[in-house]
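Chains as they are written, first to last, in my numbering: chain A, 1 to 211; chain B, 212 to 554.
Do not rely on the hints blindly, as some may be mistaken.
Unchecked claim - DSS-like cross-link-like pairs, simulated, lysine-lysine; straight-line CA separation at most 30 Å:
#, chain 1, residue 1, chain 2, residue 2
1, B, K307, B, K388
2, A, K181, B, K389
3, A, K177, A, K3
4, A, K114, A, K3
5, A, K114, A, K66
6, B, K534, A, K177
7, A, K177, B, K533
8, A, K21, B, K221
9, B, K354, A, K190
10, B, K411, A, K181
11, A, K96, A, K190
12, B, K354, A, K127
13, B, K389, A, K177
14, A, K181, B, K388
15, A, K53, B, K221
16, A, K66, A, K96
17, B, K255, B, K221
18, A, K53, B, K411
19, A, K66, A, K190
Keep in mind the hints are simulated off the structure, nothing from the lab. All values reported here derive from a predicted model rather than from experimental measurement.
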Amino acid sequence: MAKESLSINEVRDMLLAVADKIIEAEPILTDADRALGDGDHGVGMERGMNAVKEALAGNEFPNVGKVFMAMGMAMMSSMGGASGALFGTLFRAGGKAIGDAATLTGKELAVILKEGTEGVMTRGEAKPGDKTMVDALFPASEKAQEVADLPVSEALAAAAAAAAAGRDASEGMIATKGRAKTLGENSLGKPDAGAVSVAIIMATMSDYASA
Amino acid sequence: MKKLINNPLKVADELVEGLVDAYNGECRYVGTRSIIKSLIPENKVALLVGGGSGHEPIYHGLVGRNLADGAACGDIFAAPPPNIVFEATEAVNRGKGVLYLYGNYAGDVMNFDIGAELADDEGIEVRTVLIWDDVCSAPPTQKQNRRGIAGLVPIVKIAGAASQSVETLAELEAVAKKAVLQTRSVGVSMSPGSIPATGKPTFDIDPEMIGLGMGIHGEPGVGEIPMAPADELTPRMLNYIFEDFENDDEVEALAAGDEVLIFVNSLGATTMMELLIALRAAKKCLTEKGIKIYDVMVGPLVTCQEMSGISFSITRMDDELKKYWEMPCQSVCFSKMEGRYGG
Numbered sequence: 001m002a003k004e005s006l007s008i009n010e011v012r013d014m015l016l017a018v019a020d021k022i023i024e025a026e027p028i029l030t031d032a033d034r035a036l037g038d039g040d041h042g043v044g045m046e047r048g049m050n051a052v053k054e055a056l057a058g059n060e061f062p063n064v065g066k067v068f069m070a071m072g073m074a075m076m077s078s079m080g081g082a083s084g085a086l087f088g089t090l091f092r093a094g095g096k097a098i099g100d101a102a103t104l105t106g107k108e109l110a111v112i113l114k115e116g117t118e119g120v121m122t123r124g125e126a127k128p129g130d131k132t133m134v135d136a137l138f139p140a141s142e143k144a145q146e147v148a149d150l151p152v153s154e155a156l157a158a159a160a161a162a163a164a165a166g167r168d169a170s171e172g173m174i175a176t177k178g179r180a181k182t183l184g185e186n187s188l189g190k191p192d193a194g195a196v197s198v199a200i201i202m203a204t205m206s207d208y209a210s211a
Numbered sequence: 212m213k214k215l216i217n218n219p220l221k222v223a224d225e226l227v228e229g230l231v232d233a234y235n236g237e238c239r240y241v242g243t244r245s246i247i248k249s250l251i252p253e254n255k256v257a258l259l260v261g262g263g264s265g266h267e268p269i270y271h272g273l274v275g276r277n278l279a280d281g282a283a284c285g286d287i288f289a290a291p292p293p294n295i296v297f298e299a300t301e302a303v304n305r306g307k308g309v310l311y312l313y314g315n316y317a318g319d320v321m322n323f324d325i326g327a328e329l330a331d332d333e334g335i336e337v338r339t340v341l342i343w344d345d346v347c348s349a350p351p352t353q354k355q356n357r358r359g360i361a362g363l364v365p366i367v368k369i370a371g372a373a374s375q376s377v378e379t380l381a382e383l384e385a386v387a388k389k390a391v392l393q394t395r396s397v398g399v400s401m402s403p404g405s406i407p408a409t410g411k412p413t414f415d416i417d418p419e420m421i422g423l424g425m426g427i428h429g430e431p432g433v434g435e436i437p438m439a440p441a442d443e444l445t446p447r448m449l450n451y452i453f454e455d456f457e458n459d460d461e462v463e464a465l466a467a468g469d470e471v472l473i474f475v476n477s478l479g480a481t482t483m484m485e486l487l488i489a490l491r492a493a494k495k496c497l498t499e500k501g502i503k504i505y506d507v508m509v510g511p512l513v514t515c516q517e518m519s520g521i522s523f524s525i526t527r528m529d530d531e532l533k534k535y536w537e538m539p540c541q542s543v544c545f546s547k548m549e550g551r552y553g554g
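Make a model of the complete structure from these sequences and hints.
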């Protein structure tokens with residue numbers, strides 16, 4: 001049964017599910033980052049998501065945007081490094097852009113992903129094809145614009161599939177920005193750890209909305 | 212590696228608390244994790260530095276008399292998050308604006324930029340000068356991709372002195388930019404340090420080899436070469452600096468008669484004995500080119516735990532930079548009296 005929209009508390013619980021899933025995936029993210037970066041992405045994301053749980057669990061929010069913004073601020077303040085700034089910007093810029101929306105529909109999802117992705121691209125000076133988190137985010141955002149009129153559960157499923165495909169495509173890219181930029185062709189064959197995180201976040205949101 | 216710590220996750224907080232204790236009232240702990248001078252005069256243009264912890268005594272040890280007004284401190288090897296940068300900015304601001312002066316690493320740039328945006332929301336003017344002295348991290352045409360390493364110490368010293376006498380943020384920015392432009396460094400890594408929380412080495416290297424131009428966290432440089440005696444390695448390293456001044460359109464080549472400040476830094480485990488032997492070789496190399504040594508710094512100031520390796524930093528001095536260099540300064544990281552050795 002497709003779900004048309006999510007309430008403020010459902011969005012909060014969906015993002016708490018994301019936090020748990022990322023914490024569980026710490027070893028996967030650590031391995032992905034050890035292959036191409038300095039190996040601290042898993043631990044950083046785990047620290048960020050623990051802060052997210054503290055900021056969201058049991059709290060009431062006036063609108064959907066504020067839930068995403070609280071998530072972004074918690075990640076930004078707790079993680080440090082480039083990942084904290086970028087994931088923090090993703091959720092903060094996305095949440096800010098939907099104003100005082102009382103529900104999350106496909107339309108709000110499209111705005112969050114568009115503004116969040118643009119924020120990340122500006123902050124990180126990265127574009128699609130650089131082998132960064134943008135390679136999962138950008139296709140998810142593009143897909144979300146196409147399916148904005150669908151029920152939120154279906155829009156999330158389509159965006160999550162696009163993010164997963166983007167993560168897989170990053171394996172075949174040579175890094176020009178981000179954690180692996182100094183490795184050149186040696187970065188081929190493995191996905192970017194940030195793209196792996198984005199794919200997990202989108203998949204967990206989709207699973208929550210479809211459950 | 213035996214480390215004298217408590218909770219591995221509290222290392223950064225506890226070392227900054229200890230640093231405040233070392234300052235014995237001269238500095239105070241502010242907000243989440245910043246160290247700020249206790250007395251900053253009204254209407255002073257403020258200088259804020261910062262970066263990841265674990266490289267002590269920099270950056271936070273450079274807060275002090277005629278030096279930085281404050282430092283925003285990140286976790287071990289991680290940039291300070293924006294809220295920390297903002298807390299430090301508010302604490303040092305005296306109405307004349309704040310200059311951010313820190314090493315060019317992606318994480319630091321993003322977090323300090325967000326901190327600057329938060330400061331702007333509160334009406335605090337911020338300008339940024341990035342330190343990018345590592346000549347082996349990118350060619351001179353791509354300074355935006357260069358890392359900041361040990362050259363930060365003379366740069367922050369000069370900017371700190373300038374911040375005492377300038378009237379405007381723009382003047383301080385100009386002095387800091389000049390110091391950055393005239394400072395170039397080259398390093399070698401011989402063996403890694405370890406991450407305090409995990410005990411794991413920061414990088415792997417064949418025991419027979421050294422990393423030429425490798426970054427202080429093990430970032431790749433020019434390549435790996437066999438270990439060599441000091442008298443062979445030193446000219447080879449300095450040559451990268453000479454070539455860089457020569458190839459960079461923004462500066463003149465280093466020439467006979469130029470006066471330079473030379474800084475020989477240990478990355479942690481390399482001993483003073485080795486630094487002095489390297490300095491001896493560097494002096495010979497500079498003298499052969501007719502370059503005058505204006506002043507000398509030697510010591511482990513920009514470190515990465517028990518990493519072994521050294522770096523050379525060269526700052527070409529002019530009358531303005533000399534004026535600021537010769538002012539006295541005092542901090543846990545670096546202190547000097549008025550004037551210079553041999554002056």
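Do the hints match the structure? See the list:
no., hint, in the structure
1, B:K307 - B:K388, "holds, 19 Å"
2, A:K181 - B:K389, "holds, 29 Å"
3, A:K177 - A:K3, "violated, 38 Å"
4, A:K114 - A:K3, "holds, 22 Å"
5, A:K114 - A:K66, "holds, 17 Å"
6, B:K534 - A:K177, "violated, 40 Å"
7, A:K177 - B:K533, "violated, 38 Å"
8, A:K21 - B:K221, "holds, 25 Å"
9, B:K354 - A:K190, "holds, 28 Å"
10, B:K411 - A:K181, "holds, 23 Å"
11, A:K96 - A:K190, "violated, 33 Å"
12, B:K354 - A:K127, "holds, 20 Å"
13, B:K389 - A:K177, "holds, 28 Å"
14, A:K181 - B:K388, "holds, 26 Å"
15, A:K53 - B:K221, "holds, 20 Å"
16, A:K66 - A:K96, "holds, 7 Å"
17, B:K255 - B:K221, "violated, 33 Å"
18, A:K53 - B:K411, "holds, 28 Å"
19, A:K66 - A:K190, "violated, 35 Å"
Comparing the model with each numbered hint stated earlier shows that hints 3, 6, 7, 11, 17, 19 do not hold.
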